[in-house]
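Peer 1: Taken in order, these protein sequences are the chains called A and B. With the working numbering, you'll find the first sequence wraps up at 429, consecutive numbering, no jumps. With the working numbering, you'll find the second sequence wraps up at 773, consecutive numbering, no jumps.
Hints are not guaranteed to be accurate.
[Claimed, not checked] Residues of chain A clear of chain B, computed beta-carbon distances all greater than 12 Å:
1) R37
2) M229
3) C332
[What the hints assert, rightly or not] Only pairs whose alpha carbons sit at most 27 Å apart, straight line, appear in this in silico BS3-like list of lysine-lysine:
4) A/K198 - B/K38
5) B/K54 - A/K192
6) A/K335 - B/K127
7) A/K198 - B/K37
8) B/K276 - A/K191
If you are wondering where the hints come from, they were derived from the structure by calculation, not from laboratory data. All C-beta atoms in this analysis are idealised placements derived from N, C-alpha and C, irrespective of residue type, glycine included.
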Amino acid sequence: MTCLHGRHIDPVVFAGLDGANWRLDGYVARGGYETLRRILNEKTEPGKIIEEVKASMLRGRGGAGFPTGLKWSFMPHRFQGQKYLICNADESEPGTFKDRDILRYNPHAVIEGMLIAAYALGTSIGYCYVHGEIWDVYERFCEAMEEARLACLTGKNILGSGFDFDLHPFHGYGAYICGEETALLESMEGKKGWPRYKPPFPASFGLYGQPTMINNVETLASIPSLIKMGGKAYAALGRENNGGTKIFSVSGDVAMPGNYEVPMGTPFAALLELAGGMRDGKKIKAVIPGGSSVPVVPGDVMMQTNMDYDSIAKVGSMLGSGGVIVLDESRCMVKSLLRLSYFYHDESCGQCTPCREGTGWLWRIVRRIDAGEGLPGDIDLLDSVASNISGNTICGLGDAAATPVRSFLKHFRHEFVDHIEHKRCLVQT
Amino acid sequence: MIEIEIDGKKIAAAEGTSVLEAAYANGTHIPHFCYHKKLSITASCRMCLVEVEKSPRPQPACATPVSPGMVVHTHSPIAVAAQKAVMEFLLINHPLDCPICDKGGECKLQDLAVGYGSGASRFSEEKRIVFHKNVSPLISMREMSRCIHCTRCVRFGEEIAGIREFGMQNRGDRAEITSFLNKTVDSELSGNMIDLCPVGALLSKPFRYQARNWELSSHKSFSPHDSLGTNLSVQSRGDTVLRVLPFENERINECWISDRDRFSYQGLNSEDRLLKPRIKQDNKWVETDWATAFGYIAHGLRSIRQEHGSGAIAALAAPHSTLEEMALLQKLVRGLGSEHIDFRLRQSDFGLDGQVVPWLGMKIEAVGRLNDILLVGSFLRKDHPLLAARVRYAAMNGAKVSVLHAVDDDLLMPLHARMIKAPSDWLSGLGEIMVAVARCKGVAAPAGFEHIEPSDDASAIAESLLQGCEGNKAIFLGNAAIQHPQASKLHAAVEWLARETDATLGVLTEGANTVGGYLANALPADGTQGTFASACKAYLLMNLEPELDCADPQAARAALSSADMVVVLSPYRHEHEYADVMLPIAPFTETSGTFVNSEGLAQSFQGAVLPQGEARPGWKVLRVLGNFLELEGFDYETSEEIRDEITRGDHDLSAQLNNMTGMQPEFSPVAVEGIERIADVPIYFSDPIVRRASALQATTDARPPRAYLPVDLGDKLGIQNGDLVKLTQGQGSAVLSALLSENLPGNVVRVAAAHELTSALGPMFGTIRVEKA
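Kindly generate the complete structure, drawing on both the sequences and the hints.
Peer 2: Okay, structure coming up:
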């Protein structure tokens, strides 16, 4: 499941990668660090960079899809003290595996993106928070950072411009919740990875209480090309309000699972084709289009949908992080939900009541339905418990756990009914 | 003020307050668990979710600040649905064991479940089981399955006690409260976490299964253990005190009490209580009736006065005796013509007599607002645990706290500067600060001190004292400074510093009623040094154990042994060889009385329960003894009559208190030969009641005292950690286990006082011989 297959459409982040050219010289050969040099030479107005990002319609690639340029503009400009920039590489949403490929095969794009962001935001210290369960990627990225440091691309007085940016790696301990911005900050401060109550948001009260910008790996990796081609041109790669390209991690019952970078708005059918179509020619049953925490969409609906934020919203789901999980006709939806519910139960941080207690309850109900021990009222109970979690928690994990449950029940209720009535699975596997 | 609307009612709320607080101030209660007014906000229990118009989802009222024009619904369908959802989640894994839960009847979860819970549970799986923990003799964690993860206990440790002993381990529904790596919970304020726990997860170990809370009656009382005047709610069933809780008083103890205040009640119910008067006949103790005992004492005192003169009669009271007891004791002694009366048992320098009536110098409440604090000779956390929390509060808010002391104990707060010096060097230490102040101000240092060269720390202290404005800085003399053999000279030096820097001079008075003792005039007027300096023939001892409560146990024992008659008035049996009569008097929970705290506030209480056995309130005993001796002015009918003679009906007596002597500092160094002793009074050995409180006696703080030696001294004497060392003062010695410490000056050994193991030793300060045992 890599990105080294050449079957992308107009790639930006994955352009020209062969697996061996991840080092500094390879990146420079692909035109890397040109944008940074130009900005530092021309002493570009930081505000102009933020304007370009705004114009690009780039939306945060971590999952929430918040416009990056707007988020950058929340950072206090005239703040005198230390500000921080953090690259959120705590990728751990089931079905999403794009950031690790970026860090593995194009790490310098992330570093250059961070440098440009730091320049625009006036921060002199940055961290890259890498998920605790991926060691080789962490080590690879550390190597790339060391190359950049030795080439005077990070550190003090970068390329003689007077601009300082110290970049440090931070290896997490493997908690899904630490991908949530404020839990990530707590974790970096040496505390338990518990989300903070917001407001205040990190842009005003972040790491160690200082203004902090946190962006996803893919977001930052897109920045150098975005600035190079200009915001408008980047936006034009995609569709209106959905600028640029997007990497989709396609997994599940497809012939060639992997990361595919395509322009925003590419039809799902085209994406599926890039991934080799359905495995063994089976019929598509359902798609989770944006990582495990977004609503599942029936396969036939998905085949008519384009892959961008707005189109997917129209069919009742979200683009999320771009983790596209494809399920074929042989998949039992109860069992599929059981796996997802177990994940959220296991990853709930335990801080606030609805999520701590509710995720475990959801998992237990699904488990008993799957085991043929479901009770007649269980489907309503599931829906009720999920809706009681939704909207009542400190962070989004509660919603993330409730959403799959509610959407599975909405679209595949009959499979749950079958499990309860016949005390076994009726799906032909 | 801004206007918001809560449940259709327009209310004014101060900017920055939360919706929950604004609602509460206007009579609307929003259910909550994790919110506590003294702790930081986490918004994690979600019970306080309310509907805020224009907000897409319910908002936690505790963490949502009021904003102009905000419209809040606390009982709308959206709000109630959210609250009921949260209640259901809280209950699914909470055991339904209210009938056997100690918290039943005073449990927040139980109360709110009535309003927001449903009659039956939809949760049919097995409930979570959380393994029990054993972290302290005071806090029971047998039933941790009841925990609802509000983290109040965690936040209390971190934010109030200053030591984070609890944390939440694991995540999701496996999360559980526990101490780190199974360490014990040792904070001297730990019991407050029991009060904070909204459910029956953290319970009082000594109280567990002793009574249902609705069987208890509550009585307001005051702590006898330190000078803060902590307000207590003493709870009893029948004639037994079964529990002590804080009685909230924002100006004194806020909503906290120390563990000593909370758990000492066990000492009231000790097996060791004296229940009938006893007289020693033929070297055997015989129970007798009050009349016989009074007759015996009156006869004895009269004969001694006749034979040896009235000056041969002396009386000593512990400083936690009530104002009324001390007033009558001094009246009795003076009625017999003697001036030998005192309550300052651990003091050894009385050079300030007649010049000061020591006190805190300010309101207790003001301590938390100070910007600069210098602590001279104070084991603050152990001597005044709740005042330490106030000082800590100031420090956490940026106050510069500095210490001059012989030990460098962790005060759990950032310190600005510290001067760790042998007690005999404290005066020169103050001299360093005085010289630094004088140099900064361009004034002359007091005569005799000019030659002293200030250290960096002394200069830093001087600098901080000179900054800031009057009323925001204070120099406090702690217990060790008052007990110091040069106490009056230290006082004069500190007074000079206070005057020159516009700081307030405060004395952290030792006992619950030390200030009251001064006001009751229970001290000699003529400079007779009341304690055991002049051997008397008759001694009346009230509420004290001489070997443990006095500055020099050897001197106490010698004086008492050579006396003809020793009368012990105490709630406890003291079957010492020197005692002749034991009169059972009531402890603070069984008598009416008054304590005057360090800020000069007279706080009177009634007995919570009837005296045990034939014990009687001390003031009544003294009143009748006065009658037996046919002394004038012993016809009080109530304790209030005695009190009002002193207080004239006032509560704030601070106008009668004064720390300023007008004395000039005098530099007169004392040379201590060899090794010097510094003695602390361990927190759970500070008075006879605490010494008998069994749970407190099982804590880490109540471990047998050890001999703390500086590492260099240990090396020199070939002593290692755990070796037995023999300590000798005068004719007496003690053998303790050694602990080498980095926190002591080179020639100082720390050996606790107030403990049986060290009661054969001499004075709390001065030379001590150390050798390998």
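Peer 1: Hints first: check each against the structure and report whether it holds.
Peer 2: Against the structure, the hints come out as follows:
1. For A/R37, the shortest C-beta to C-beta distance to chain B comes to about 45 Å, beyond the 12 Å cut-off, and the non-interface label holds.
2. No Cβ of chain B approaches the Cβ of A/M229 within 12 Å, the least distance being about 36 Å, so the stated non-interface status holds.
3. Every CB of chain B is more than 12 Å from the CB of A/C332 (nearest about 22 Å), matching its label as outside the interface.
4. Pair hint A/K198 plus B/K38 holds up; C-alpha atoms about 21 Å apart against a cutoff of 27 Å.
5. Taken as a hint, the B/K54 and A/K192 pair is broken in the structure, with Cα atoms around 33 Å apart against an allowance of 27 Å.
6. For the suggested pair A/K335 and B/K127, the alpha carbons sit about 24 Å apart, so the restraint of at most 27 Å is met.
7. Between A/K198 and B/K37, the direct Cα distance comes to roughly 20 Å. Compliance with the 27 Å bound is thereby established for this hinted pair.
8. A C-alpha spacing of about 59 Å is found between B/K276 and A/K191, which places the hinted pair above 27 Å, so the restraint is violated.
Of the numbered hints given earlier, the model fails hints 5, 8; all others are met.
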